[in-house]
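All chains, please: the whole structure from these sequences, using the hints.
So the protein sequences, as listed, match chains Z and U. Residue 349 is where the first sequence starts when you use this note's numbering, and the numbers rise one by one after that. Residue 98 is where the second sequence starts when you use this note's numbering, and the numbers rise one by one after that.
To be clear, the hints were calculated from the coordinates, so they are not data collected in a lab. You can trust all of the hints, since none of them are fake.
So the derived list for chain Z, only partly shown, Cβ under 10 Å to chain U, looks like this: (1) K533; (2) K536; (3) R539; (4) A542; (5) Q543; (6) D544; (7) K546; (8) M547; (9) A548; (10) H549; (11) V551; (12) G552; (13) I553.
Here a beta-carbon is modelled for each residue, glycine too, at the ideal position from N, C-alpha and C.
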Amino acid sequence: MLAQQIINGLTVGSVYALIALGYTMVYGILQLINFAHGEIYMLGAYLAIIFVVSLKFSLPIAGLLPLVFLFAMFFTGCYGFTIEKFAYKPLRNAPRLSALITAVGVSIFLQNYVMLTQGAKDKVFSHLISEQINAYFSNFFSKFIPSDGSRLYICGAQIYSLQLVIIITSIILMVLLNLFVTHTKIGKAMRATAQDLKMAHLVGIKVDTVISTTFIIGSILGAAAGVMVAMYYGRVWYYIGYLAGVKAFTAAVLGGIGNIYGAMFGGLILGLTESLAAGLIPGASEWKDVFAFIILILILIFRPQGIFGERIGEKF
Amino acid sequence: MLKLESVSVYYDKREVLKSLSFQVRPGEIVTLIGANGAGKTTTLMTISGLVKLRSGKIIFDNKDISNMSDYKIVQQGIVHVPEGRHIFPQLTVFENLQMGAFLRKDKKQIKQDLDYALSLFPILAERKSQQGGTLSGGEQQMLAIARGLMASPKLLLLDEPSLGLAPKVVDIIFDVILKIHDEGTTILLVEQNAQRALSIANYGYVIEVGKIILTDSGTNLLQNPQVKEAYLGS
Ligand SMILES: Nc1ncnc2c1ncn2[C@@H]1O[C@H](COP(=O)(O)OP(=O)(O)OP(=O)(O)O)[C@@H](O)[C@H]1O
Ligand SMILES: [Mg+2]
Numbered sequence: 349m350l351a352q353q354i355i356n357g358l359t360v361g362s363v364y365a366l367i368a369l370g371y372t373m374v375y376g377i378l379q380l381i382n383f384a385h386g387e388i389y390m391l392g393a394y395l396a397i398i399f400v401v402s403l404k405f406s407l408p409i410a411g412l413l414p415l416v417f418l419f420a421m422f423f424t425g426c427y428g429f430t431i432e433k434f435a436y437k438p439l440r441n442a443p444r445l446s447a448l449i450t451a452v453g454v455s456i457f458l459q460n461y462v463m464l465t466q467g468a469k470d471k472v473f474s475h476l477i478s479e480q481i482n483a484y485f486s487n488f489f490s491k492f493i494p495s496d497g498s499r500l501y502i503c504g505a506q507i508y509s510l511q512l513v514i515i516i517t518s519i520i521l522m523v524l525l526n527l528f529v530t531h532t533k534i535g536k537a538m539r540a541t542a543q544d545l546k547m548a549h550l551v552g553i554k555v556d557t558v559i560s561t562t563f564i565i566g567s568i569l570g571a572a573a574g575v576m577v578a579m580y581y582g583r584v585w586y587y588i589g590y591l592a593g594v595k596a597f598t599a600a601v602l603g604g605i606g607n608i609y610g611a612m613f614g615g616l617i618l619g620l621t622e623s624l625a626a627g628l629i630p631g632a633s634e635w636k637d638v639f640a641f642i643i644l645i646l647i648l649i650f651r652p653q654g655i656f657g658e659r660i661g662e663k664f
Numbered sequence: 098m099l100k101l102e103s104v105s106v107y108y109d110k111r112e113v114l115k116s117l118s119f120q121v122r123p124g125e126i127v128t129l130i131g132a133n134g135a136g137k138t139t140t141l142m143t144i145s146g147l148v149k150l151r152s153g154k155i156i157f158d159n160k161d162i163s164n165m166s167d168y169k170i171v172q173q174g175i176v177h178v179p180e181g182r183h184i185f186p187q188l189t190v191f192e193n194l195q196m197g198a199f200l201r202k203d204k205k206q207i208k209q210d211l212d213y214a215l216s217l218f219p220i221l222a223e224r225k226s227q228q229g230g231t232l233s234g235g236e237q238q239m240l241a242i243a244r245g246l247m248a249s250p251k252l253l254l255l256d257e258p259s260l261g262l263a264p265k266v267v268d269i270i271f272d273v274i275l276k277i278h279d280e281g282t283t284i285l286l287v288e289q290n291a292q293r294a295l296s297i298a299n300y301g302y303v304i305e306v307g308k309i310i311l312t313d314s315g316t317n318l319l320q321n322p323q324v325k326e327a328y329l330g331s
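This is the structure in structure tokens:
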């Protein structure tokens, strides 16, 4: 029972973490809470389903999945880039509230844009595909983990192989992100820009490029989360970005907004809390979403800088 | 080398630099002295492109850089070590230095400049993997200058490099400024410590509420009664 809740918690937690990274990286550099980021995740999920549906069954799973990820990440990255250029860049020197309100506007715009073009009802792909994907990974994992063909058994917990895929893929992406910001020139420039914008200009960092890169990377990570959730549930809806966005934002604040390691831990902790509370407190599963808000309120009261946040000016 | 021609700068509606003109010739140390709020920092920020001018012109090596973007100005060889050091607090000393060379691609030359910068401030070599924000004030100032050198400047703009430092560290900083100058870098130095600045400068400009009110050689300004009274405390 406990193992079950932990694995469920890690699954949603890694999704929160991936989305939270986009909030935190943008905040780190622009001090902007990009409220439209939840919709970026939603777009990633839609693109995955649109891609899979349009391809029908013409590809084996092993070939299909990487393409789904690339397709969704690429186009979502383009959305992130474009949103920054058109909606936020013109407001770079405007009062912060203007950009914040614009972000809310972009969020509403994207929801309605998807609703009008894709319809107001859930978009689903055939169960067959979901099951195929699950079977494909079960088959793979069954070499290491006991399995009954559709589920895996870890410490008494029954889990879907896609949960394991979500957790592992998220970890890989976070390790890659960490390597990127610590070992590449543009990654170091991102950290430098977040730590001291003025000095970044003075050493000749092209700050506009860094900001674009930040939006693209944040969007790519959000898209990856969207793709995985779409595969897991086999359905999306134009409104899924809202709740996921709020949760991920909570995760970012919990970890200390602006700090990428904070976003990773914040996401996992939030996911685990929700899942454990829902599983262990009788009747709580009906209102598990409330825990995110309770956590948000508690941090804002007792530790507004978050777990990893230190003093002002310390970012990532 | 650098020439400001009637440069005016406004913050909102307030004119902070009022038709300011002065020049720096190649190989010189030029100092800009003036009271708090006179516009010294603004002048440097305008040269390095972070503050835009309302009118006038800035010429560097016969090129008009008035409307150039900041990173292109760095590429021209103008490097600004700002007031207050602005070390990247969570990058290591080494990464801070790497950021100084952000626009360069000549790996070999960068390595040489790194060795040179570390030879000027050996303490930084010992602190190489320490986070910038954990350095002492003096070490941070050294790092700020070393980081500036990593951009291989033709003209180095130094804003208050001795501010808030112990006398011994101030000595080190001024020694290094002279060494950098001996290696052929032109220097525009803004200082509260007018005595020290004028005594190493070839040329000095006195700025008062956004205007140059006096200009002369460093040694002459040191003797000037007006300067003595206002800036040398005697
Ligand atoms: N970003 C800004 N917005 C509005 N006014 C500013 C800004 N920066 C500086 N000022 C004003 O412009 C004037 C010149 O400031 P500046 O920093 O250039 O002076 P300074 O000569 O460097 O002074 P100090 O010796 O104290 O460093 C001051 O009156 C200051 O208040
Ligand atoms: Mg100043």
